[in-house]
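Undergrad: What follows is the residue order along each chain.
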Amino acid sequence: MTTTAGPHQHASADDPRVMLDDQIGAFEPIPPYPPRTEREAEFYTLGDGEMFLNMGPQHPSTHGVLRVVLKLDGEKVVDLDPVLGYLHRGVEKLCENADYHQVISQVDPLEYISSLFCEWSPVMAFEKLLDVEVPRRAEYIRVLSGELNRIASHALFMGWFALDLGGLTPILWSFIERDEIVEMLAALTGQRMLFNYFRIGGVNGDLNHDFMSRLGDWMSRATGQIESNLTLLNENEIFVRRARGLGVIDTETALSMCMSGPNLRATGSPFDVRRAHPYSIYPELDFDIPTRSEGDSLARYLLRMEEIKQSLRIIDQCLHQMPDSPIMAKLPRLLRPRPGRAYAAIEGPRGQYATYAISDGTDQPFRMRIHDPSFIHLQSVGLLMKNNLIADTMAVMASLDPVMGGVDK
Amino acid sequence: MTALSRTWGRLTLPGKIVFTLIPLLAVLTAGLIAFIIVLGGPIWDLILANLWFIRFLVAATIILVITIPIAFLNIYLEMKVIALMNLRVGPDRVGPWGSLLSVVHGLKVLIKEDFTPTGADSIVFTWAPVVTYGAAVMTLLVIPFAPGMAGQDFNIGLLYFFAVGGMGVVGLLMGGWSSFNKYSLLGGLRSAAQIISYEIPLTLSVVGLLILAGTMSLNQIVMQQSGWFTDWYVFRQPLGFVIFFIAATAEANRTPFDLTEADSEIVAGFATEYSGMRFGFFFFAEYVNVFIMSALTVVLFLGGWNAPFDIDALVNVLNGVVGAVIPSFHIATPFSIALDPGSLGIPLLFVIGLAPLIGTLVLAAPFYLVRSSMRWWVALIIGFVLFNVVAGGLTFAWAYVSFDWVAGLVWFMAKTFAFVFLFVWMRGTLPRVRIDQLMGFAWKWLLPAALLNLFVTAAAVVIVGS
Numbered sequence: 001m002t003t004t005a006g007p008h009q010h011a012s013a014d015d016p017r018v019m020l021d022d023q024i025g026a027f028e029p030i031p032p033y034p035p036r037t038e039r040e041a042e043f044y045t046l047g048d049g050e051m052f053l054n055m056g057p058q059h060p061s062t063h064g065v066l067r068v069v070l071k072l073d074g075e076k077v078v079d080l081d082p083v084l085g086y087l088h089r090g091v092e093k094l095c096e097n098a099d100y101h102q103v104i105s106q107v108d109p110l111e112y113i114s115s116l117f118c119e120w121s122p123v124m125a126f127e128k129l130l131d132v133e134v135p136r137r138a139e140y141i142r143v144l145s146g147e148l149n150r151i152a153s154h155a156l157f158m159g160w161f162a163l164d165l166g167g168l169t170p171i172l173w174s175f176i177e178r179d180e181i182v183e184m185l186a187a188l189t190g191q192r193m194l195f196n197y198f199r200i201g202g203v204n205g206d207l208n209h210d211f212m213s214r215l216g217d218w219m220s221r222a223t224g225q226i227e228s229n230l231t232l233l234n235e236n237e238i239f240v241r242r243a244r245g246l247g248v249i250d251t252e253t254a255l256s257m258c259m260s261g262p263n264l265r266a267t268g269s270p271f272d273v274r275r276a277h278p279y280s281i282y283p284e285l286d287f288d289i290p291t292r293s294e295g296d297s298l299a300r301y302l303l304r305m306e307e308i309k310q311s312l313r314i315i316d317q318c319l320h321q322m323p324d325s326p327i328m329a330k331l332p333r334l335l336r337p338r339p340g341r342a343y344a345a346i347e348g349p350r351g352q353y354a355t356y357a358i359s360d361g362t363d364q365p366f367r368m369r370i371h372d373p374s375f376i377h378l379q380s381v382g383l384l385m386k387n388n389l390i391a392d393t394m395a396v397m398a399s400l401d402p403v404m405g406g407v408d409k
Numbered sequence: 001m002t003a004l005s006r007t008w009g010r011l012t013l014p015g016k017i018v019f020t021l022i023p024l025l026a027v028l029t030a031g032l033i034a035f036i037i038v039l040g041g042p043i044w045d046l047i048l049a050n051l052w053f054i055r056f057l058v059a060a061t062i063i064l065v066i067t068i069p070i071a072f073l074n075i076y077l078e079m080k081v082i083a084l085m086n087l088r089v090g091p092d093r094v095g096p097w098g099s100l101l102s103v104v105h106g107l108k109v110l111i112k113e114d115f116t117p118t119g120a121d122s123i124v125f126t127w128a129p130v131v132t133y134g135a136a137v138m139t140l141l142v143i144p145f146a147p148g149m150a151g152q153d154f155n156i157g158l159l160y161f162f163a164v165g166g167m168g169v170v171g172l173l174m175g176g177w178s179s180f181n182k183y184s185l186l187g188g189l190r191s192a193a194q195i196i197s198y199e200i201p202l203t204l205s206v207v208g209l210l211i212l213a214g215t216m217s218l219n220q221i222v223m224q225q226s227g228w229f230t231d232w233y234v235f236r237q238p239l240g241f242v243i244f245f246i247a248a249t250a251e252a253n254r255t256p257f258d259l260t261e262a263d264s265e266i267v268a269g270f271a272t273e274y275s276g277m278r279f280g281f282f283f284f285a286e287y288v289n290v291f292i293m294s295a296l297t298v299v300l301f302l303g304g305w306n307a308p309f310d311i312d313a314l315v316n317v318l319n320g321v322v323g324a325v326i327p328s329f330h331i332a333t334p335f336s337i338a339l340d341p342g343s344l345g346i347p348l349l350f351v352i353g354l355a356p357l358i359g360t361l362v363l364a365a366p367f368y369l370v371r372s373s374m375r376w377w378v379a380l381i382i383g384f385v386l387f388n389v390v391a392g393g394l395t396f397a398w399a400y401v402s403f404d405w406v407a408g409l410v411w412f413m414a415k416t417f418a419f420v421f422l423f424v425w426m427r428g429t430l431p432r433v434r435i436d437q438l439m440g441f442a443w444k445w446l447l448p449a450a451l452l453n454l455f456v457t458a459a460a461v462v463i464v465g466s
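Chains as they are written, first to last, in the numbering used here: chain A, 1 to 409; chain B, 1 to 466.
Check before you lean on any hint, since a few could be wrong.
Computed far set for chain B versus chain A, every beta-carbon distance over 12 Å [unchecked claim]:
(1) 32
(2) 41
(3) 126
(4) 162
(5) 164
(6) 167
(7) 245
(8) 322
(9) 399
(10) 411
Calculated pairs, DSS-like style, for lysine-lysine (alpha carbon to alpha carbon, straight line, at most 27 Å) [what the hints assert, rightly or not]:
(11) A:386 to B:182
(12) B:16 to B:108
(13) B:112 to B:182
(14) B:182 to A:76
(15) B:108 to B:80
(16) A:128 to A:93
(17) B:444 to A:76
(18) A:71 to B:182
(19) B:80 to B:112
(20) A:71 to A:386
(21) B:112 to B:16
The hints are simulated quantities; they were obtained by calculation from the structure and are not laboratory data. Cβ coordinates follow ideal geometry from the N, Cα and C atoms, glycine included.
Construct the complete structure from the given sequences, taking the supplied hints into account.
TA: Here you go:
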């Protein structure tokens with residue numbers, strides 16, 4: 001097979017089939033078309049002593065396939081331009097072409113770290129459309145498994161954040177935590193990652209012995225294990241000095257950037273969908289909404305660690321109050337909700353997951369809009385990363401805890 | 001044969017050169033030795049006349065060669081210890097407990113494609129790893145491993161060490177600049193800024209020690225620390241030791257100062273575009289540097305090859321205590337076990353021939369007699385292994401007592417690898433500092449502390465008198 005050279009290419013000396021770019025400028029991350037907006041024209045013009053650095057999409061620590069073009073002055077980030085879309089699959093459109101049951105498996109891999117929450121909000125929206133009452137035992141199981149998934153997600157966050165600051169060990173310690181939870185959820189749902197467990201009107205299966213024995217085993221030592229993981233970082237001077245005062249954001253800015261979840265609560269605003277717009281059985285449960293006032297990366301980290309303890313409290317209450325009832329509402333096999341629209345928001349580990357679904361009376365949603373917190377939080381990256389050093393850009397991003405699967409949808 | 005030729009075909013040029021040169025050199029060396037033995041006479045005279053030069057050549061060759069097992073050992077130690085700290089198993093496939101994995105890594109980098117990116121300055125790109133590795137190996141020349149076991153005993157050994165060791169950063173900078181990659185460039189510049197900044201506290205922290213020692217020869221400094229462990233310089237220069245160790249961590253580019261190859265920030269720093277054996281040289285240089293920095297810390301502050309106790313003093317105490325009860329009891333110092341195998345004559349052959357047999361049978365007997373389910377040959381194998389352990393232990397004990405250099409090497413390696421372990425431990429525990437924190441720490445804390453150490457030492461020497 002022979003390849004012909006393009007206009008600005010030449011054959012490699014090693015292998016004539018390989019075409020190499022003539023111009024050295026071809027390696028610059030400048031787009032190959034003239035600037036389309038004023039912002040693009042401004043960003044892609046270099047000032048004195050500045051250079052571009054293309055971080056991603058194959059960088060070791062961009063948490064998926066995010067590409068950030070950094071404009072650097074030495075080590076300092078002057079400006080940056082996030083480029084999205086490397087993982088875009090058109091999930092919303094796929095959902096509009098699947099019937100209501102199939103939607104659950106389509107939205108599962110959005111935020112693959114916390115799949116149950118991706119299922120929860122569409123399922124709630126569809127239940128509103130269909131006007132079904134979910135059995136109480138199903139609600140308890142949803143809360144129980146959801147909070148377990150929240151702990152897994154936050155535990156993994158701790159490892160990633162430390163890894164972006166250069167720590168090798170916490171990621172593996174936190175993976176142990178996550179693995180135990182994921183194994184017990186696998187015993188409950190049949191899958192380790194993309195659970196596909198919630199159903200419209202209930203859940204797929206009842207609690208079983210394998211799950212309960214694993215859960216009891218883990219609960220008996222969870223607190224101590226998490227505390228010992230935390231001592232590795234919370235008392236580490238280097239870690240605390242790097243994370244403190246990094247990527248500070250105040251409540252007004254955070255609200256104007258539409259932040260939610262732990263990132264917003266770390267600025268001092270106690271907004272939590274579980275309390276602000278109660279759903280499921282959360283009004284009956286006793287738990288606190290931890291907040292912190294600093295608004296920096298350390299606050300976001302510590303807040304998530306505090307939430308793990310609250311989730312453990314919730315799981316404990318769920319286990320003690322678990323009622324006996326069916327786990328599925330009585331529903332026809334083919335769902336045709338009346339025409340209408342429904343909106344359902346839940347509190348996930350990253351913030352507010354929401355679904356806005358419109359039904360036109362057929363067995364497929366006419367329109368389905370997914371509000372994903374990772375995507376929303378990434379828009380404040382420009383504010384937070386600017387004027388930091390290169391070393392801190394990825395740490396700031398890690399402290400927001402985005403998952404690219406949900407960002408690109 | 002096909003498999004062999006296929007393997008040969010997969011080798012890149014450096015790999016082919018290495019695999020050709022090593023057998024060729026072995027044959028040539030054997031031929032040379034045979035030639036000297038056969039012809040004798042005038043060649044012996046020539047060798048004896050140029051003994052210092054031959055000695056230097058041999059020492060340089062040995063030091064070049066031992067860097068490879070040292071690097072292998074360090075890499076294995078790092079993989080295994082960090083794995084255990086991470087609650088993983090770590091390497092466990094190649095060799096016992098995975099101990100040959102780093103050898104396989106070494107072969108792998110020889111076989112991998114040696115890639116030069118478009119736009120790279122290929123000459124500088126090729127020579128950068130050589131400079132870094134050469135600097136690391138050349139510093140090893142002045143390290144005294146044991147009494148009489150040093151490549152060269154310069155009277156300016158320490159100065160030589162810092163001068164040549166500082167050359168390593170030139171290689172990193174060359175690699176970073178010539179790779180035609182912005183990550184490499186940032187890594188190279190970071191390493192230049194970091195290593196030049198930390199050179200200053202590193203050098204200043206030992207000036208206090210030099211005032212006390214009065215010499216720059218590393219051999220002399222070690223000999224001044226002989227006797228009990230309280231004579232080590234770490235107890236006379238504690239602040240200097242701490243500053244030296246921190247600065248040495250930064251010099252060796254180790255966590256928490258491994259900014260030059262911070263994978264979460266600048267991919268792999270200066271080594272981003274390197275592959276094959278050129279990357280292997282950088283990789284080896286890093287681990288040899290860890291060993292060298294540990295070795296220098298041990299030599300300067302922890303008594304080098306000296307044992308932490310004075311065996312002669314211990315024997316004298318024993319003589320005094322036991323001698324008070326039994327007047328005839330006396331062990332001569334310096335303590336040694338005289339062993340003259342020649343005096344045994346013909347019976348020696350019987351001992352050599354029969355000892356393994358008898359030892360194996362004696363050690364196998366209890367296993368065979370106590371456990372009825374044990375096969376006789378399993379018991380024999382256990383006995384044989386045990387006998388080897390016992391005989392090896394006895395031989396080692398004899399060598400330790402009889403030869404200064406064995407004892408010296410044991411203590412030197414034990415202390416040095418304790419420090420290597422410390423480096424690995426820090427890597428498993430600590431996150432990375434930021435570049436401004438790194439610079440601030442060097443200039444705002446370490447440099448004033450080193451100066452304070454120098455002034456206090458100088459004042460103490462003036463007041464107390466040397």
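Undergrad: The structure should be examined with respect to each hint, and the outcome stated for every one.
TA: Against the structure, the hints:
no. : hint           : result
1   : 32             : holds, 39 Å
2   : 41             : holds, 54 Å
3   : 126            : holds, 15 Å
4   : 162            : holds, 27 Å
5   : 164            : holds, 29 Å
6   : 167            : holds, 25 Å
7   : 245            : holds, 16 Å
8   : 322            : holds, 51 Å
9   : 399            : holds, 39 Å
10  : 411            : holds, 31 Å
11  : A:386 to B:182 : holds, 19 Å
12  : B:16 to B:108  : holds, 13 Å
13  : B:112 to B:182 : holds, 24 Å
14  : B:182 to A:76  : holds, 14 Å
15  : B:108 to B:80  : holds, 19 Å
16  : A:128 to A:93  : holds, 21 Å
17  : B:444 to A:76  : holds, 21 Å
18  : A:71 to B:182  : holds, 12 Å
19  : B:80 to B:112  : holds, 24 Å
20  : A:71 to A:386  : holds, 10 Å
21  : B:112 to B:16  : holds, 12 Å
The structure is consistent with each of the numbered hints, conforming to all of them.
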